[in-house]
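S.K.: Chain by chain, the residues run as shown.
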Amino acid sequence: MILRIAWMLARPGTTGAATVALPIVAFATVTALLLTVIGGAQEFFAWSDGDAIIYQAAAVIALVLLVVPLTSLGAAASRLSARRRDDRLATLRLLGASPLTVTVITALESVVVALVGAVGGVAVYLAAAPAVGLIPFRGEALGTAVLLPPLVVLAVLGGVAVLAAASAVLGLRRVIISPLGVRMREDTPRPHWVRVVVAIGVIVATNVVMGIIGAFQMAVILTVLAVGFGGSLLVLNLVGPWVLRIIAGRQAKRAATPERLLAARSILESPKAAWAQVGGVAMTSFMAVFAGSAVGLLEVMGEDGENPFLYGDIRTGVIITVVASFLMVACSVGVNQAAAILDRADLYASLAKLGMPVGTMERARRRTVMSPLRTTAIGSAVIAAVVVFPLTGATILFAPLSLVMIALVLAAGIALVWLGLRATRPVLERAAQLA
Amino acid sequence: MSHAILHASGLSKSFGATTALAGLDLAVEEGESLAIMGASGSGKTTLLHVLAGITAPDTGRVSFASPSGPLEITGLGEQERSRLRREAFGFVFQSGLLIPELTAIENVALALMLTGASRAESEREAATWLATLGLAGMETRRIGQLSGGQAQRVAIARALVTGARVIFADEPTGALDSHTGHDVMDALLASTVGQGRTLVVVTHDAEVASRCSRTVHMRDGVLVDGKVAA
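First to last, the sequence lines map onto chains L and D.
Numbers 1 to 435, taken from the working numbering, label the letters of the first sequence in order.
Numbers 1001 to 1230, taken from the working numbering, label the letters of the second sequence in order.
The set of hints was computed from the structure by calculation and includes no laboratory data.
Bear in mind the structure is a predicted one, so any value in this text is a computation, not a measurement.
Among these hints, one or two may not hold up.
[What the hints assert, rightly or not] Here are the computed lysine to any residue pairs in the SDA-like style, where the Cα-Cα straight-line distance is at most 20 Å:
| # | chain 1 | residue 1 | chain 2 | residue 2 |
| --- | --- | --- | --- | --- |
| 1 | L | Lys-253 | D | Ser-1118 |
| 2 | L | Lys-253 | D | Glu-1139 |
| 3 | L | Lys-272 | L | Arg-245 |
| 4 | L | Lys-253 | D | Ala-1127 |
| 5 | L | Lys-253 | D | Gly-1137 |
| 6 | L | Lys-253 | D | Arg-1141 |
| 7 | L | Lys-272 | L | Ile-378 |
| 8 | L | Lys-253 | L | Glu-269 |
| 9 | L | Lys-272 | L | Val-235 |
| 10 | L | Lys-253 | D | Arg-1124 |
| 11 | L | Lys-253 | D | Gly-1116 |
| 12 | L | Lys-272 | L | Ile-246 |
| 13 | L | Lys-272 | L | Thr-375 |
| 14 | L | Lys-253 | L | Ser-270 |
| 15 | L | Lys-253 | D | Glu-1123 |
| 16 | L | Lys-272 | D | Pro-1100 |
| 17 | L | Lys-272 | L | Arg-374 |
| 18 | L | Lys-272 | L | Val-243 |
| 19 | L | Lys-253 | D | Glu-1121 |
| 20 | L | Lys-253 | D | Ala-1120 |
| 21 | L | Lys-272 | L | Gln-251 |
| 22 | L | Lys-253 | L | Pro-271 |
| 23 | L | Lys-253 | D | Ala-1117 |
| 24 | L | Lys-272 | L | Val-239 |
| 25 | L | Lys-253 | D | Pro-1100 |
| 26 | L | Lys-253 | D | Ile-1143 |
| 27 | L | Lys-253 | L | Val-243 |
| 28 | L | Lys-272 | L | Asn-237 |
| 29 | L | Lys-272 | D | Glu-1101 |
| 30 | L | Lys-272 | L | Arg-250 |
| 31 | L | Lys-272 | L | Ile-247 |
| 32 | L | Lys-253 | D | Glu-1101 |
| 33 | L | Lys-253 | D | Arg-1142 |
| 34 | L | Lys-253 | D | Met-1138 |
| 35 | L | Lys-253 | D | Thr-1140 |
| 36 | L | Lys-272 | L | Gly-379 |
| 37 | L | Lys-253 | L | Thr-360 |
| 38 | L | Lys-272 | L | Arg-366 |
| 39 | L | Lys-253 | L | Trp-242 |
| 40 | L | Lys-253 | L | Leu-268 |
Based on the provided sequences and hints, a complete structural model is requested.
M.R.: Written as structure tokens, this is what we have:
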């Protein structure tokens, strides 16, 4: 019965194609990135020499950076599904459907959207494999090593579906679907800690797998790495929202235009939500400056005797991780913003009636995301530079190009998120047109 | 001699197979309070939207007696109509539809800031209007910290702060209990027609309509009668 109802509800609604296309594109991007990184990682895990551990650890970090935003993407996609079917789900409740039935239908839709996106992601991964295969590690192109066995690809597809279902159910805790409509549940705390748990879980699972295959020493090193990485994530998650609140508070006081006032107040309304969208960038940005300066300096000082490619490889890995992380944030921002617009569709329609130009609403929305993103990316980079100042100071003197490259990659990442945000403008225009 | 501030003629509007307006004519006199009544689906909200330049009619025209001369709203593009709504018209909706993350004074000031006024000047004007509507001391409260009646007064202040000459209200008391609704209607009338402005109200409520100077009834997209209150 639930399947039949879900199929009936899958007919086109009034919110436009973007609300379906965005999560599909987002899941496709995530899956393609996930498969590509796992593809590269399988090559690293085949190595057994002294330097292999560095490559393997880097691969695990990259995987964690991908899996964490995947969960928030799933939650956002389910919120979007609930919003897109707003009136229909409310009618179902009126007709006597239980909250469980409605939750299952919404989660089911999220899983289908995730799977459609994931299958697209496999196609993107296969199409990009020849280009990715050209990336050199240890002086040799990865080549066909990035191609995964079909069973692993299927396992990733299954994993994406399971994660989408789990995060959909978690995400729906923030939404009330009642006979009177769909609205946000204001008092439910956002499950930030879930991200850290997932991050640590992934690393622990990796350790277990490594333990089973006999690489005990590496498992210990990875555990230390996991604790350090998870701990940093936890600290950033605690401090980040607080910093955003302080900055937004000052911006709200000084705001001289409607868009600046709206953006600052939106961030102040929930600094945690603002942080949730861009927090992933903090760790990446921190790592990029830290590793980037170290590698740049080491390269200038001379090659590693045993592995002349090591430093260059680490820099390649850092750049790939930064770009992938920003891509994930861009996807997450796109889906979150589409859901947020639908959450407030009545308000946007009323503002359009008052004569507020869509451009003003768009600029306000853009600032709401981009301002915390800039603060997070630049702030984390500056903190990293200060923390390892002797290192960054020396890098500025002896290998400035290395820092310039990291700055350029961070700027490109910020531009990527801007594009993700821009993709949701049709959703806003449609909401405003419903005036 | 007619002093129509809004004049509509031959208005038609359909949404798919549904006809909302079917060749409707209406003149709204300057300084009057006009109630538009009718059953659900009779076309009254569509009429309000067309009069205010929110929706373009399929046929017909609406002209507005602006201070600089007659202006045909139906001949304006979307951007010009938006500007007209920002600068010459004010709106009060059933559920206020205020921005929840802004304070009361910011919600009101925002309307003036959208016309290009500075924030300081906008907040000064907003504070004056909030005080006029009995909300002095509540300027920094957020919308969630106000009662339904207080929030609706903030919405009225927002509609008036730009110096709007015509205020459009869509079921302004529909979400309030009768006592609060009566008070809100008092405030709305005093701050609009009481100060020479024009008020157009869409309502189901005969009590609200009875307090307006004129009531028109709609059925199937046309006016079926009109009467002037005693």
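S.K.: Indicate, hint by hint, whether the structure satisfies it.
M.R.: Now the hints, each set against the structure:
no.	hint	in the structure
1	L:Lys-253 / D:Ser-1118	holds, 13 Å
2	L:Lys-253 / D:Glu-1139	holds, 15 Å
3	L:Lys-272 / L:Arg-245	holds, 9 Å
4	L:Lys-253 / D:Ala-1127	holds, 16 Å
5	L:Lys-253 / D:Gly-1137	holds, 19 Å
6	L:Lys-253 / D:Arg-1141	holds, 15 Å
7	L:Lys-272 / L:Ile-378	holds, 19 Å
8	L:Lys-253 / L:Glu-269	holds, 14 Å
9	L:Lys-272 / L:Val-235	holds, 14 Å
10	L:Lys-253 / D:Arg-1124	holds, 15 Å
11	L:Lys-253 / D:Gly-1116	holds, 18 Å
12	L:Lys-272 / L:Ile-246	holds, 12 Å
13	L:Lys-272 / L:Thr-375	holds, 14 Å
14	L:Lys-253 / L:Ser-270	holds, 17 Å
15	L:Lys-253 / D:Glu-1123	holds, 12 Å
16	L:Lys-272 / D:Pro-1100	holds, 17 Å
17	L:Lys-272 / L:Arg-374	holds, 16 Å
18	L:Lys-272 / L:Val-243	holds, 10 Å
19	L:Lys-253 / D:Glu-1121	holds, 15 Å
20	L:Lys-253 / D:Ala-1120	holds, 11 Å
21	L:Lys-272 / L:Gln-251	holds, 17 Å
22	L:Lys-253 / L:Pro-271	holds, 16 Å
23	L:Lys-253 / D:Ala-1117	holds, 16 Å
24	L:Lys-272 / L:Val-239	holds, 10 Å
25	L:Lys-253 / D:Pro-1100	holds, 17 Å
26	L:Lys-253 / D:Ile-1143	holds, 18 Å
27	L:Lys-253 / L:Val-243	holds, 16 Å
28	L:Lys-272 / L:Asn-237	holds, 9 Å
29	L:Lys-272 / D:Glu-1101	holds, 15 Å
30	L:Lys-272 / L:Arg-250	holds, 17 Å
31	L:Lys-272 / L:Ile-247	holds, 13 Å
32	L:Lys-253 / D:Glu-1101	holds, 14 Å
33	L:Lys-253 / D:Arg-1142	holds, 15 Å
34	L:Lys-253 / D:Met-1138	holds, 18 Å
35	L:Lys-253 / D:Thr-1140	holds, 12 Å
36	L:Lys-272 / L:Gly-379	holds, 17 Å
37	L:Lys-253 / L:Thr-360	holds, 19 Å
38	L:Lys-272 / L:Arg-366	holds, 17 Å
39	L:Lys-253 / L:Trp-242	holds, 17 Å
40	L:Lys-253 / L:Leu-268	holds, 11 Å
Figure legend: structure checked against the earlier numbered hints; every hint is met.
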